[in-house]
Every structure is written in structure tokens, then in C-alpha cells.
Amino acid sequence: MKPKRACRTLLAALLMGVSFGFAWSAQRPAAQPPQVTMGSVAMDIPVEMIRRMSALTNYLALSTNLNIRFRPSPNLGSAVEDLGTGQTQIAYLTPVAYIEARRKYGVIPLVAPTIQGRPYFSLVIAVKAGSGIGAPAELKGRRFAFGDEKALLQRAAVESMGVKLTDFSRFAYLKHYDNIAKAVLAGDFDGGILKDSVADDFRNKGIVVIGNTPPLPSYIFAVHPGMPVAVRDKLRNALLALKKTTPEGSATLEAFDNTYDGFVVVDDQAYDPVRKLIQPYLK
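Our numbering puts the sequence shown at residues 32 to 314.
Rather than coming from a laboratory, the hints here were simulated on the basis of the structure.
Keep in mind that the hints are not guaranteed to be accurate.
[Stated by the list, open to error] Below, a list of computed lysine-lysine pairs in the DSSO-like style, where the Cα atoms sit at most 30 Å apart:
1) Lys275 x Lys236
2) Lys236 x Lys181
3) Lys265 x Lys195
4) Lys307 x Lys135
5) Lys236 x Lys135
6) Lys195 x Lys206
7) Lys181 x Lys135
8) Lys195 x Lys236
9) Lys213 x Lys195
10) Lys314 x Lys171
11) Lys274 x Lys195
12) Lys265 x Lys236
13) Lys206 x Lys307
14) Lys275 x Lys265
15) Lys195 x Lys275
16) Lys314 x Lys181
17) Lys135 x Lys275
18) Lys213 x Lys171
19) Lys135 x Lys213
20) Lys307 x Lys171
With these hints in hand, go ahead and build the complete structure from the sequences.
Below, the structure is given as C-alpha cells:
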């Protein structure tokens with residue numbers, strides 16, 4: 032073999048051995064902590080999401096000695112793809128986003144946030160105070176706001192309360208729960224679907240709940256299946272240790288979601304009730 036060809040062959044072989052894995056699998060000085068990128072479904076505009084998540088990422092970085100940064104996703108689908116393809120290695124997901132990421136990429140459930148010690152939440156139908164609308168059925172023929180078009184649980188929740196999409200005179204997808212609440216208060220829509228904690232935040236501004244689902248399994252932190260077990264355990268243990276029993280823990284959780292008081296370990300089977308609810312709406 033000619034010397035130049037031999038050199039090219041050796042170089043190609045060396046390049047094939049280079050790891051294109053996540054940040055934690057790249058070579059780095061021993062003193063530099065591994066990098067982990069955290070993602071999230073879009074609960075608000077990116078600037079607000081960064082504000083809400085910064086206290087949590089700072090807490091996790093200090094607790095785990097990992098270099099953690101936050102990468103916002105513009106919608107549910109992007110959050111799923113980011114986690115599944117390794118753009119993020121841990122993500123805060125809705126139940127439907129988790130189910131999709133689990134189905135497509137085998138992501139691993141880590142922990143779920145708790146409200147009064149229980150990993151559940153509810154979806155509610157909300158209207159503006161003084162609207163004269165007192166029940167979900169009274170929204171038939173009116174305008175209604177949803178969040179993300181891929182959030183099948185929202186549609187399932189509304190239909191479980193006796194109202195179908197075809198019953199509305201108009202409906203639209205406004206991306207974030209805050210957008211829905213503001214649009215209802217502004218009179219742009221007669222009603223909208225909200226997470227219970229968001230409805231509570233807007234109650235003093237004139238949001239009224241007229242229907243709700245039974246308790247549903249909570250949002251969830253899930254990790255990419257390629258995350259090393261040691262890194263996964265560090266993150267899980269740090270989240271489980273975060274509680275409102277200390278001023279620091281309380282401030283961190285309040286910034287993230289003021290209704291949360293801690294985290295618990297959950298498994299995939301906990302989300303089977305949601306799978307059953309959304310099954311009729313899967314294409």
C-alpha cells in the first residue's frame with residue numbers, strides 16, 4: 032500500500048472510532064464536570080421558561096456536580112424529538128409527551144412532581160367570571176382555546192366533559208396555558224382548557240373553573256436511555272431531596288411551579304390511564 036493511501040486509511044479508521052455520543056461521553060479534563068442539557072415542553076414563552084427553570088438547573092448543578100444547562104423547546108413535538116435524539120438528556124414532559132417519547136425512543140421515567148405529596152394533576156375547563164357560562168355543555172356554539180395541537184389529553188379531557196370539537200363555533204391552539212387564560216380573560220375565546228395550577232394562578236384575575244377531570248398522572252422528568260446509570264441516579268436523588276421543608280428548596284420549587292412540593296419515583300405503568308384516554312385520538 033502506498034504511504035499516502037496508508038495514511039488516509041489510518042485516519043479514516045481513527046475517525047470512525049470517535050464517539051458522537053452525548054456531552055458526558057466526550058473526552059474532557061478530569062476536573063470538568065459532565066454536561067447535561069435539560070429540556071421541557073413549552074409551558075410559556077422561552078424567556079419565561081428560562082426564568083422558571085433556572086433555579087432548578089442551578090440547584091441540580093450544585094447538588095450533582097454536573098454542568099447542567101437548559102434548552103427550551105417551542106412545542107410538545109420538539110420536546111419529544113429533542114430528548115429522543117439526544118439534543119437534551121433529561122426533560123420535563125407532559126404525560127402525552129412522555130408516552131410519545133417512550134414509544135418512539137424508549138426514554139426512561141425518572142421522577143414526577145407532587146402536589147400535597149401526590150403525583151397527580153387535573154385539567155380544567157375555564158371561562159371568564161361574569162360570562163354567564165356555568166357548565167361545559169354551555170360552551171357549545173362558542174369559541175374555545177386549546178394549547179398544543181399534539182396535546183391529545185386536552186382534547187380527551189374536553190370530550191370527557193361532554194363537548195366535542197365539532198360543537199365549538201371556532202377553536203384554536205394557543206401553545207401555552209398562560210396564553211389560553213389571557214385570551215379567555217381578554218374575551219378572544221369563551222372558554223379554554225387549563226392545567227389546574229394555571230387556573231389557580233389566574234383565579235384572582237377572573238378565571239372561573241366550570242369543569243375538571245379526575246386526577247391524572249403528573250407531568251414527569253424522563254431521561255434519554257443512553258444516559259449513564261450513575262448520572263441518572265445523581266439526578267434522581269437530587270430531585271427526590273428537593274422539598275419545601277427548607278427555604279432554599281421552597282424557593283426553587285416556587286420558581287418552577289408554586290403548586291409543587293417535591294418529587295416521587297414513578298414507573299411507566301403509572302401512565303397507562305392516559306394511554307387509554309388518548310387512544311381514540313391517535314392517528
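Verification of the supplied hints:
A C-alpha spacing of about 26 Å is found between lysine 275 and lysine 236, which places the hinted pair at or below 30 Å, so the restraint holds. Pair hint lysine 236 plus lysine 181 holds up; C-alpha atoms about 28 Å apart against a cutoff of 30 Å. Proximity of lysine 265 to lysine 195 is assessed by CA-CA distance (about 44 Å); at most 30 Å being required, the pair is judged violated. For the hint pairing lysine 307 with lysine 135, the CA-to-CA distance comes to about 18 Å; that is within 30 Å, so the pair holds.
Pair hint lysine 236 plus lysine 135 does not hold up; C-alpha atoms about 40 Å apart against a cutoff of 30 Å. Using a Cα cut-off of 30 Å, the hinted pair lysine 195 and lysine 206 holds, with the two alpha carbons roughly 20 Å apart. Simply put, lysine 181 and lysine 135 have alpha-carbon atoms about 15 Å apart, close enough for the 30 Å limit, and the pair holds. Between lysine 195 and lysine 236, the direct Cα distance comes to roughly 28 Å. Compliance with the 30 Å bound is thereby established for this hinted pair.
For the hint pairing lysine 213 with lysine 195, the CA-to-CA distance comes to about 23 Å; that is within 30 Å, so the pair holds. Proposed proximity of lysine 314 and lysine 171 is supported: the alpha carbons are some 25 Å apart, at most 30 Å. As the CA atoms of lysine 274 and lysine 195 are separated by approximately 40 Å, the hinted pair breaks the 30 Å bound. With a CA separation close to 40 Å, the supplied pair lysine 265 and lysine 236 exceeds the 30 Å bound.
A threshold of 30 Å between alpha carbons decides the hint, and for lysine 206 with lysine 307 the separation of about 24 Å falls inside it, so the pair holds. Between lysine 275 and lysine 265, the direct Cα distance comes to roughly 20 Å. Compliance with the 30 Å bound is thereby established for this hinted pair. Proximity of lysine 195 to lysine 275 is assessed by CA-CA distance (about 40 Å); at most 30 Å being required, the pair is judged violated. At most 30 Å may separate the alpha-carbon atoms for a hinted pair to count; lysine 314 and lysine 181 meet this at roughly 11 Å.
In summary, the hint linking lysine 135 to lysine 275 is not supported, as the alpha carbons are separated by about 35 Å, beyond the 30 Å threshold. For the given pair, lysine 213 sits about 21 Å from lysine 171 by alpha-carbon distance, which is consistent with the 30 Å threshold. Restraint check: the Cα-Cα separation between lysine 135 and lysine 213 comes to about 34 Å, which exceeds 30 Å; the hinted pair is violated. With a C-alpha separation of about 25 Å, the suggested pair lysine 307 and lysine 171 falls inside the 30 Å cut-off, and the hint holds.
Comparing the model with each numbered hint stated earlier shows that hints 3, 5, 11, 12, 15, 17, 19 do not hold.
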